[in-house]
Amino acid sequence: MRRRLALAILAITWGMLLLGGIAVYVVARQTLLAELDRRLFESATTLAALSAGEVTPQVALPEGDRFLLKNAHRQTEERSFPGIKEKVVRDPKITHRGMASSEGTRYRTLTITALLAERDGTAVPVTIVYSRSAEYLLQLLTRLALVLCGVGVAIAVATAVAARIISRAALAPLDTTADAIGQIDERHLDRRIGVDDLPEELRPMAERLNEMLERLQKGFDQRRQFLANAAHELRTPVAAVLTTLEVTLRRPRDAAALTNTLKNCLTDVRLLRSLIDTLMEHARGERAARDEERQRIDAAALLKHCAQLGAALGVERDITIADDIAGTLEVVTHPERLRSVAMNLISNAVAYSRPGGRVVVSAACRDKGLEFRVADSGQGIAAEDLPHIFEPFFRADKAHMNQTGHLGLGLFLVRTHLDALGGRCTVQSTPGVGSTFEVRIDGCCEPKAGMSAAGLESNCHADGKMTI
Amino acid sequence: MKILVAEDHATLANSLAEGLREEGYAVDLANDGAEADYLLKSHQYDCIILDLMLPQKDGWEVLQDMRQRGDKTPTLCLTARDGVDDRVKGLNIGADDYLVKPFAWEELMARVRALIRRAHNKGSSVIRVGDLEIDTAARAVSRQGKEITLTAREYALLSYLAMREGQVVTRTEIWEHLYDQNDQTTSNVVDVYIGYLRAKVDAPFDRPMIHTKRGHGYMLAAPKEQPKEEPV
Numbered sequence: 001m002r003r004r005l006a007l008a009i010l011a012i013t014w015g016m017l018l019l020g021g022i023a024v025y026v027v028a029r030q031t032l033l034a035e036l037d038r039r040l041f042e043s044a045t046t047l048a049a050l051s052a053g054e055v056t057p058q059v060a061l062p063e064g065d066r067f068l069l070k071n072a073h074r075q076t077e078e079r080s081f082p083g084i085k086e087k088v089v090r091d092p093k094i095t096h097r098g099m100a101s102s103e104g105t106r107y108r109t110l111t112i113t114a115l116l117a118e119r120d121g122t123a124v125p126v127t128i129v130y131s132r133s134a135e136y137l138l139q140l141l142t143r144l145a146l147v148l149c150g151v152g153v154a155i156a157v158a159t160a161v162a163a164r165i166i167s168r169a170a171l172a173p174l175d176t177t178a179d180a181i182g183q184i185d186e187r188h189l190d191r192r193i194g195v196d197d198l199p200e201e202l203r204p205m206a207e208r209l210n211e212m213l214e215r216l217q218k219g220f221d222q223r224r225q226f227l228a229n230a231a232h233e234l235r236t237p238v239a240a241v242l243t244t245l246e247v248t249l250r251r252p253r254d255a256a257a258l259t260n261t262l263k264n265c266l267t268d269v270r271l272l273r274s275l276i277d278t279l280m281e282h283a284r285g286e287r288a289a290r291d292e293e294r295q296r297i298d299a300a301a302l303l304k305h306c307a308q309l310g311a312a313l314g315v316e317r318d319i320t321i322a323d324d325i326a327g328t329l330e331v332v333t334h335p336e337r338l339r340s341v342a343m344n345l346i347s348n349a350v351a352y353s354r355p356g357g358r359v360v361v362s363a364a365c366r367d368k369g370l371e372f373r374v375a376d377s378g379q380g381i382a383a384e385d386l387p388h389i390f391e392p393f394f395r396a397d398k399a400h401m402n403q404t405g406h407l408g409l410g411l412f413l414v415r416t417h418l419d420a421l422g423g424r425c426t427v428q429s430t431p432g433v434g435s436t437f438e439v440r441i442d443g444c445c446e447p448k449a450g451m452s453a454a455g456l457e458s459n460c461h462a463d464g465k466m467t468i
Numbered sequence: 001m002k003i004l005v006a007e008d009h010a011t012l013a014n015s016l017a018e019g020l021r022e023e024g025y026a027v028d029l030a031n032d033g034a035e036a037d038y039l040l041k042s043h044q045y046d047c048i049i050l051d052l053m054l055p056q057k058d059g060w061e062v063l064q065d066m067r068q069r070g071d072k073t074p075t076l077c078l079t080a081r082d083g084v085d086d087r088v089k090g091l092n093i094g095a096d097d098y099l100v101k102p103f104a105w106e107e108l109m110a111r112v113r114a115l116i117r118r119a120h121n122k123g124s125s126v127i128r129v130g131d132l133e134i135d136t137a138a139r140a141v142s143r144q145g146k147e148i149t150l151t152a153r154e155y156a157l158l159s160y161l162a163m164r165e166g167q168v169v170t171r172t173e174i175w176e177h178l179y180d181q182n183d184q185t186t187s188n189v190v191d192v193y194i195g196y197l198r199a200k201v202d203a204p205f206d207r208p209m210i211h212t213k214r215g216h217g218y219m220l221a222a223p224k225e226q227p228k229e230e231p232v
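For the record, the sequence lines run as chains A and B.
Position one of the first sequence corresponds to residue 1 (my numbering), numbered consecutively onward.
Position one of the second sequence corresponds to residue 1 (my numbering), numbered consecutively onward.
Bear in mind the hints are in silico, worked out from the structure with no lab data behind them.
Fair warning: this is a prediction, and the values are worked out from it, not measured in the lab.
Beta carbons: idealized from backbone N, C-alpha and C, even for Gly.
It cannot be assumed that every hint is accurate.
Where chain B lies over chain A, by a calculated footprint (3+ residues, C-beta under 8 Å) [to be verified]:
#, stretch
1, 227–233
2, 263–271
3, 429–437
All chains should be built: construct the whole structure from the sequences, respecting the hints.
Quick look at the structure:
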């Protein structure tokens, strides 16, 4: 950048200098030569007129000048034309201008064609060649060229130095900024680029960079926290398995004790597996949803199936799920993600329901978006916990995942998948009364043309709500 | 020696308790912070194994409250977080040691032994009282170079008396440090075990070390000429 800027400045300056020098030289040369030619022309025509006259002998050529007069047959005329007296030079035209060299001296030579007319009107075409030493003029021009070159080189060098200094000074803030950026790595994401010292033009760039760093830092922190939490959650069951096995192996045990140990370890290993599965699902689900994964499915059937699975989870505690569904909800979406969202919300609702409780799942297509709702009559969520429930590993009681295998990752997965699907989830909860999770995924409802649109309508009641 | 294990993960807690009991410790279990708090207020422990992530009341709070009450029971914090910040925070609040999950059983045992030793101002893992030598690491006892084989309970009793060498220890104290909540016994059982111990530690040798202080309790001391001794 700096080199290019300096080079550009130099190229422009040097180019202008060169052009200027050449222009001055050419103009000076043209002017001087034109003036010389004018004088030569004057002398030539005058001499031609006089050459054949009686006055000829009185006319002396200036020192060093040469004069030739040729007739139409390109024969050099004698100094006098026999029988011709006073003559007039008519229509003189310069046909050639040139430089010629002779015996070390350079001459300016003009070739002029003209009519040499008698007083009686007869005219003879002639060619006048007139030369005069141009040595003085050429020396003058050489000196001019030398002076121009000298001044030009001096200016060129001066501009080169100036360009270097100026570009360095102008770009110094960039160096400072570059140094500042160079010191930022994943361990020093809290550093920022100093904006105040930067020239106005560079400030927006530095500010955008700082904003980017802010986002990166946030992302890194979240990721670091997530990793720390995941490691933490993995460690306790591993510690349990390890300690149980070590203690058991310290002395001989009977079959019942060994069976008990294996059962306990199995529980923890299952917990570990489900934790790892969930972490993997999150890792896979984190990338943005791709179009090729999208499928046309019946969301009603999918949600109904999830509700049935949820009902199986609640059977022991006599929890019922309202699943009265008919008809279809045609959507184009990612079925696995939608299934995970629904399944996590439903199993959460079942887990937090009191024995004998009731979970209601409802769904509808509204404004081309799929909306579904999972309402439970469980313990509800405390107001201070509501902002955190979608965070990974959040549990209201701060404890380890307990023996029920509740990982604190269900709602986090819901968020992960909804982010990818472009959906959102809102929660309303009253402690002691129950919670309602409402999901909306925009623009995914696409009833196929010719498909039972009427049937669909009949399932969506006047308010667009449907109970599954 | 009695240890409180405060850990909410049931499998881990039960395995810890089982392993510790097999090592001769009496163990009480607390499944959450509130229970740990209650047990700490109502019992004397020789060591606490405290998980920092507990429901109801987390380990930090339990530890902080305990230290504010002036309870100096040695505390080994178990944690799944290995960040330096967490360690510093724990040590600042008053943890005596730190162990990151998952840990090796032997390491946990070594640290528990070291904590208990340090609390009783015993520098080495081998405790010497007169000609009696107790190697707490190997759980081996010898007197005058002769090896003495003890049951876990006898060993626990002897090592507790040795930790408090030269002090009179009441029967209730012994009972509290040797038996946990699960044991359906009374402090009379202490006398029975003192009897067993005497048969192994005192009887084969010329001078007794286990002394009875009538109305007070028992004392382990290096043999002197002829201490005032009365049989139980």
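A quick look at each hint next to the structure:
1. 227–233: With 4 residues close enough to chain B, the hint holds.
2. 263–271: Held - the stretch 263–271 of chain A has 4 residues with a Cβ nearer than 8 Å to chain B, which meets the minimum of three.
3. 429–437: violated (count 0)
Against the hints set out earlier in the document, a violation occurs for number 3 only.
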